[in-house]
Each structure stands twice: as C-alpha cells, then as structure tokens.
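Assemble chain B onto chain A, guided by the hints.
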Amino acid sequence: MTDGWVTFERPAALLLLAALPLLGALYGVFFIARRRALRAFGGPGSGLVSGSVFWQIIRNLLRLAGLAALIVAIAGPRLGHPVERRDVVVLLDVSQSMATQDVTPSRLALARDVIARVVADLGEQRIGLVYYAGDARLRFPLTPDTPAIGKVLEFGGYPFIPITGTSVDAGLRAAVELFPPEVRANGAPKSLVLVSDGEGAADSSFISALRSEGIRVFAVGIGTADGGEVPLYAADGRFLRYLTGRSGTTVSTLDAAGLEALAHATGGRYWTYTGSEPVPQEVSAQIFQMPPTEVIGERWVLDYERRWLLLGLALGILLLEAWLPERRRMPTPAIAR
Amino acid sequence: MSLRFGAPDALVFVPIVVLAVLAAEWWRRRAAGGLLFPSLGLIVGIAPSWRLRLRAALPLLRTVSLALVAVALARPELTETLIETRTAGSDLVITLDISTSMQEQAFGRTKFEITSDVVVDFLGKLDGERAGLVAFAGEVAVYGPMTSDHAALRKMVVGLKPGQLRGGTAIGDGLAVSVNVLRDSPAVSKAVVLLTDGLSNSDQVKPMDAAQIARLLNVRLYTIGALAPAGGQQGIDERLMTQISELTGGRYFRAADPATLQATYDAIAQLERTLVTSETLHSVPLDWTLAAAGLALLALEVALATTVLRSAP
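Just so you know, the sequences run in chain order A and B.
Note that this note's numbering has the first sequence beginning at 1049, numbered continuously upward.
Note that this note's numbering has the second sequence beginning at 594, numbered continuously upward.
The set of hints was computed from the structure by calculation and includes no laboratory data.
Keep in mind that the hints are not guaranteed to be accurate.
Calculated lysine-lysine pairs in the DSS-like style (CA-CA distance at most 25 Å, straight line) [stated by the list, open to error]:
{"#": "1", "chain 1": "B", "residue 1": "Lys718", "chain 2": "B", "residue 2": "Lys754"}
{"#": "2", "chain 1": "B", "residue 1": "Lys754", "chain 2": "A", "residue 2": "Lys1199"}
{"#": "3", "chain 1": "A", "residue 1": "Lys1199", "chain 2": "B", "residue 2": "Lys718"}
{"#": "4", "chain 1": "B", "residue 1": "Lys748", "chain 2": "A", "residue 2": "Lys1199"}
{"#": "5", "chain 1": "B", "residue 1": "Lys718", "chain 2": "B", "residue 2": "Lys748"}
Some but not every residue of chain B turned toward chain A, in silico, with C-beta under 7 Å [claimed, not checked]:
{"#": "6", "residue": "Phe598"}
{"#": "7", "residue": "Pro738"}
{"#": "8", "residue": "Thr740"}
Yeah, the Cβ is synthetic: ideal placement off N, Cα and C, and Gly gets one too.
If we strip away everything but chain A, and leave its shape as in the complex, we get (with noise of 0.2 Å):
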C-alpha cells in the first residue's frame, strides 16, 4: 500500500500564508510603536499601564494561527490515498481427488469456500480463476467484478472439469497465461493462488518459469494426512463407488509437503486449510503486500464534505482570540496608615 497524499484544489491561495510572518513583523512593529506612544503620553506612568504584554502576544498569535487555518481551509486540501488494483490468478484443483471427503464436506467444497472468502476480502482487485485437473481450462478471465467470481463458484465445476488426471503444470501454464501481457512484462511480483490437495505439486518443472515471470505461489493444502477414499459419481451427481487401483480402494492424502516447497520455491507461502483456520485473511494479507499492477482512482478521507473541519477550527481559534482578556492583576496600592 503506497502512503496518502495531500492535494489541493486552490494551491495558489497558499501563497497568502507567506503574509503572515509579514503580519507578524507588523504586530512587532505595531507593539514598540504602541509602547512609544504610551511613555510619551504617560512618561514614568506608563509602567503602570493594565494591559499584559503576555496576553498580548498570545492573542496575536492566535490571531496568525486562525488566519493560517482559514487560508489553508480556502486552498481546499484533500487528503486521501490511492486506490490501487492488484492481478490474481486462483488455480482451482479439480481433480478426482479433490472430492475426497478426508474434510467436510469435501475436498472441493472447501476448495470454493476458501476460494470464495478470498476473493470477498480482495474487493477491488481483478481476479481470474482457472480449473485444472489433467489439463487445465479457463473458468472466467481477469475481471475487476469480483463478486462475478463468487457467482461462478456456485454455478459448479461440470462441464469446466478437464479431462481426468492431475497436470499442476497445465494449471500454472494457463494461469500464467491469464495474466496480461504487458503486466507479465513488467516483471514485478505477481499473486497466484493455488487451492489443491497437492497431488502432482512435488513434480512440478514449471517452479523455475513462475520464478522468471515473478509469479508467487500461495498455496492452500485441503485435506488430511491420513487422507480419504476418492468417490466417483455419475453426470447427474449420483454416487457410484469409490476408486480403485491394483491394490485395491485408492486412498489421497494431502501433500503438504509438496505444495510447501512449491510456494517457497516462489517465494510465496503455504497453509493447511481445514475449515476453521483464518486462511482466507491471511492469504488476502499477502497478496496486498505484494505491490499493485494499477492505480486506479484515489479515495479521499478530507474532502470538500469535510473541510468545515478547517473553516470550524479557524472560526473557534478567532473568537477565543476575540474573547481573550488584555488586562494584567495590576498591584494593589498601598493604603497609608
């Protein structure tokens, strides 16, 4: 997050704030003009003169800070901070595996539920998502309708779900590819979140391509390490048995280990997400550390609707001025005995 800014509507009419230490000489001279005179009407009296030197000086100054005030209120300030856009990439894992029902509901629901609370925490990004399994597919482009994302999750994965098998390369190649060209170019640090239960993550060969492009993985592991029978249904959702291999009923775990290595390998992060854990907000944290691809726009926290402030506090600093006694406790004369 880059820092705020100061601007200004009027900035010309802070040039009048070079008056004022004008003003202030004026005052100075102003006081030893008026000091002359009274010990030329007065003579040795004019010590005995009731006003105070101290309040004096104190209503000029205040004086000088309230026309300060209300000249920079003119200038009209806005003070505010960039909106800045950021480009992510989630890479959904939809292989067999990620219907394992190691956590509940399923591998996958959780997958969309991660998914989904991440993307509602980056709110004004643009955000892609692509679906892999054996290959891997794009499920909706960049866009900066975010909520657009959180619809597509409900809307399923069939018939997005590629062919069968896991490909983590085919998954990191399309969304690489999904960044725009001229943000791919650019070579800064660009966000990729990775949701998989890590089958194939440990193979990977596209580490040192993510590396050149500046890409960093963040990856979320969903499942266990004692894992869970993988479940096969029909098209229309049925249950039909759960997979088998030579050695009888197949059994996924998560590979935590193998999607750790390929986020650090990025220089991004991995957590295990279980359902509870604060994931989402910690993914989310990481990816506005990453700088933006754009800034778009500035929000102003002191804008016009809110620069009665200045005109309020330069309004209050003149009439505590005006109200402000001249006189001195002058000294009680003695009484002759």
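Quick look at chain B alone, frame taken from chain A:
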C-alpha cells in the same frame, strides 16, 4: 440557478458567532487595558479625530468577517438542475446453442463462428446493462454469471466450442438455467436471449414449463432461430419458439443469414433499452468564496488596527 446549503444546520452558528463577537467587544470595552493618568482635564474639549471615529468600524469588520466564515461552514452552493437521459440497467442472459450442429458450414463459415462474432459485437454495444452467458447442447452450463464486465464475457464467448457439452439440444433446460441465473437479479428489466439452430430433443425441463417459470419471475424470453431452415425433422420449431416468447412478453426472431442475425441482436438491444430520464444537481460551491471574503475583511481589520487605527495601551 438557486442557492442551497449542503449543511443548513450549520447556519445556527451565524447568530451565535455574531453575538459572541459583539459580546466580546462589549466586554473588552468594559475591561480593556488602561493607563493610570492623574487628570483628564487636559483632554476635555478635544474633538474626537477621524481615526477615533473610524475605530468604531473595526468591531463591525470583525463581526462581518467571522459571520461570513460561519455562513461558509453551512456549505452554500449555487445549484442548477440538469436533466439527463440514460440507459436503465437491465439484466440480459445470452443463451447459446453449442450443439455439434453449430459446427455445420453456413455462408462459408461454421454457424457457431458467425454466431460468436455477432454475440461478441452485441456485448460490445451494451452500456448500462449487465449480462450473463449460458451455453447448452444436451446439457447446460453457466459460463458467465451476471456481470457488468462485458469484456470478460466476450472472452468467454470466444472460448466456447461446439461439442464441449454432451450431445443433444436441451432448449428447455437452457431456458430454465438461464432464468435461474437471473433469480437474484435486482434489475427492473430481465430478459433471456436464446439462440438455437435446431429442435429441442433432450430436455429434462420442457420449454413451455421453463417459459412459465420465466413468466412468474418477470423474465422476458427472446428466442432466435438462427441459420437453419424452419420446420422439418431437423429444423426449428418456430411455433414453440413463438409460444414461449410471447408467453413472457418477448418475441421470436428468425435469422436465416448473418446480416439478419446481426440485425436481430440489435433489435433486441433496442427493445431492452429502457431510457430513463433523471434529474441531477450541478452545484458550484461558494464556501471558499465566502471564506475568502471573510479573510479579506479580517486582513483589512488587522491592517487598520495595527497601523492608522492603532490604539494604546
């Protein structure tokens, strides 16, 4: 042009400020600094100078200047009412047939290539509308939810390929899913624009049932029979298309060639474009002008009080 205040409540400060300044002046005269002087006899009979008379104007200057700043606090604005006409935000779902028959050649290209180009052009012309994208063959898929990002939807249309979905033509299912995409839409105007080149043959939801649902949800159905002959075993059931469209207040279009297809989408865009007249206030802030006037009067007061109208002690 008329005068209004952005924060009229702040006008309450104007009399308070005026009274406060006048009271301060009255109090100052009572308790002003003085000089012990043995006798005023020497100055009795001396007429007050013009400077002394003018000094009475200094409190007036101070009062007016601070009153101006107080009025500025109420954010006075000169306003002008502008009447604007804009497109109302309607929600449209583009529903496309991507059955394998859309791969057939027509006018030197595949039917789907022709359709894709026309739909991409149509999406590019949308203004205030949101759009969604649904494709169907023997099954249905939502490729794009309701979004104002038409560029993203255009990319999704370009990525569509006939044969991506299981074979068949499920027009009723396509309509039902499209209407479902619009179920949470807050838009006043909601419509589905469905394009097909064939007969419905693998529906789980009958097209007329889907039309009834659409009617209940105030969704208009526009149907387009595109690039295929009407009637026959493989042709478009124009009677059914007309029935389901008219049931919902929509319309059936027959588009036998690319130019007619283009004109059809343009016509639907016109039908769905509701022009709304709205009034907006254009305002010119006067707060800084009044504050600047107050500053000028204050500066004049300070200049006079420290030079020609200065007093002692």
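Hint check results:
Under the criterion of a C-alpha separation no larger than 25 Å, the hint pairing Lys718 of chain B with Lys754 of chain B is consistent with the structure, at around 23 Å. For the given pair, Lys754 of chain B sits about 22 Å from Lys1199 of chain A by alpha-carbon distance, which is consistent with the 25 Å threshold. Simply put, Lys1199 of chain A and Lys718 of chain B have alpha-carbon atoms about 24 Å apart, close enough for the 25 Å limit, and the pair holds. With a C-alpha separation of about 17 Å, the suggested pair Lys748 of chain B and Lys1199 of chain A falls inside the 25 Å cut-off, and the hint holds.
Restraint check for Lys718 of chain B and Lys748 of chain B: satisfied, since their Cα atoms lie roughly 15 Å apart, inside the 25 Å limit. Among the interface hints, the one on Phe598 of chain B is violated; its C-beta lies about 11 Å from the nearest C-beta in chain A, farther than the 7 Å criterion. Taking 7 Å as the C-beta cut-off, the interface hint given for Pro738 of chain B holds, the closest approach to chain A being about 3 Å. At its closest, the beta carbon of Thr740 of chain B sits 4 Å from a beta carbon of chain A; the interface hint therefore holds under the 7 Å criterion.
When each numbered hint is compared with the structure, a violation occurs for hint 6 only.
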